[in-house]
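This is what each chain is made of:
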Amino acid sequence: NAGVMQNPRHLVRRRGQEARLRCSPMKGHSHVYWYRQLPEEGLKFMVYLQKENIIDESGMPKERFSAEFPKEGPSILRIQQVVRGDSAAYFCASSLSSWATNEKLFFGSGTQLSVL
Amino acid sequence: AQRVTQPEKLLSVFKGAPVELKCNYSYSGSPELFWYVQYSRQRLQLLLRHISRESIKGFTADLNKGETSFHLKKPFAQEEDSAMYYCALSEVLTGGGNKLTFGTGTQLKVEL
Chain A
17 NAGVMQNPRH
27 LVRRRGQEAR
37 LRCSPMKGHS
47 HVYWYRQLPE
57 EGLKFMVYLQ
67 KENIIDESGM
77 PKERFSAEFP
87 KEGPSILRIQ
97 QVVRGDSAAY
107 FCASSLSSWA
117 TNEKLFFGSG
127 TQLSVL
Chain B
298 AQRVTQPEKL
308 LSVFKGAPVE
318 LKCNYSYSGS
328 PELFWYVQYS
338 RQRLQLLLRH
348 ISRESIKGFT
358 ADLNKGETSF
368 HLKKPFAQEE
378 DSAMYYCALS
388 EVLTGGGNKL
398 TFGTGTQLKV
408 EL
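Sequence lines, in order, name chains A and B. Convert by adding 16 to the 1-based position in the first sequence; the result is the number in this note's numbering. Convert by adding 297 to the 1-based position in the second sequence; the result is the number in this note's numbering.
Be a bit skeptical, because a hint or two may be false.
Claimed, not checked - Some chain A residues close to chain B (C-beta under 10 angstroms, calculated; not the full set):
id, residue
1, H45
2, H47
3, Q53
4, G58
5, L59
6, K60
7, Y64
8, I71
9, R80
10, F81
11, F122
12, G126
13, Q128
Unchecked claim - Pairs of lysine-lysine, PhoX-like flavour, derived with a Cα cap of 25 angstroms:
id, chain 1, residue 1, chain 2, residue 2
14, A, K67, A, K87
15, B, K319, A, K120
16, B, K370, A, K120
Stated by the list, open to error - Anything over 10 angstroms on all C-beta distances counts as not near chain B; from chain A, calculated:
id, residue
17, R30
18, R36
19, E84
20, L132
Think of the hints as simulated: they come from the structure by calculation, not from any bench. Ideal Cβ placement from N, Cα and C applies to all residues, glycine included.
Using the sequences provided together with the hints, build the complete structure.
Rendered as structure tokens:
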């Protein structure tokens, strides 16, 4: 099991372009979380998804950001019309269930987004 | 709103010296707290959680509700402990699942 896979590791975009970040959870995991880490800050929750459903998106910016986790394929975090302030490390994490007390959350290596 | 504070960005100790990484939290409910660690070029991984009351790699952390703290301690630092450490607080989401609130992290450097 290769663990949570995120790609690309590094993504460079110019202002106004779209960024698509992909996350393949661990095999058998159907729960995915996205976190963002701005420079000099801790990781901040963005969205929680289960297969084909967004469960909680309370941490997502209201505009330009969207996430999906289709029945087949990876979870996608999409940022439209990127701005310099979107430059950050984006981490995905997955769990087997809705993270009961003894469940672990497994993190990917992250995608570093740089907006020029 | 819940908040996690790690006051030290960098903590440098000598090998064999005791280590204490500070973490304070703000939360209105009953907190569930974690320490995550990120070794160089590796992924963020769970180190320990307070409900387990376990010792992992010699590290322990005690929840002090009176002081709202969850400091991470180890009596004798080892070179391989050098890493970034994050304290995190869990909150159950309305629709299920859990949301972690992370501190800004403390870089631990163990010197020979």
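- Query: With 10 angstroms as the cut and Cβ atoms as the points, is K60(A) at the interface with chain B?
  - Reply: 7 angstroms, holds
- Interface restraint verdict for G126(A) against chain B (beta-carbon cut-off 10 angstroms): 8 angstroms, holds
- Task: Double-check F81(A) for me: the hint is only fine if its C-beta lies closer than 10 angstroms to a C-beta in chain B.
- Result: With Cβ-Cβ at 16 angstroms, over 10 angstroms, it is violated.
- Message: So R36(A) supposedly isn't at the interface. Is its beta-carbon more than 10 angstroms from every beta-carbon in chain B?
- Response: 21 angstroms, holds
- With a cut-off of 25 angstroms on the C-alpha distance, tell me whether K370(B) and K120(A) pass. Within the cut-off at roughly 22 angstroms; holds.
- Query: Against chain B, does R30(A) keep a CB gap of more than 10 angstroms to every residue?
  - Reply: With a cut-off of 10 angstroms, R30(A) remains clear of chain B, as the shortest Cβ separation is near 28 angstroms.
- Query: Keeping to a limit of 25 angstroms between CA atoms, is the pair of K67(A) and K87(A) held or broken?
  - Reply: Cα-Cα ~6 angstroms, so holds.
- Message: Just to be careful: measuring from the Cβ of I71(A) to every Cβ in chain B, is the smallest value less than 10 angstroms?
- Response: Hint holds; I71(A) Cβ to chain B Cβ min 4 angstroms, cut 10 angstroms.
- Task: So, H45(A) near chain B? Judge it on the closest CB pair being under 10 angstroms.
- Result: Violated, about 12 angstroms.
- Item | Per-residue hint verdict: R80(A), partner chain B, C-beta under 10 angstroms | 21 angstroms, violated
- Nearest-CB test (10 angstroms) between chain B and L132(A): 25 angstroms, holds
- Does Q53(A) pass the interface check with chain B, least Cβ-Cβ distance below 10 angstroms? Hint holds; Q53(A) Cβ to chain B Cβ min 8 angstroms, cut 10 angstroms.
Checked against the numbered hints given earlier, the structure breaks hints 1, 9, 10 and 13 and satisfies all the rest.
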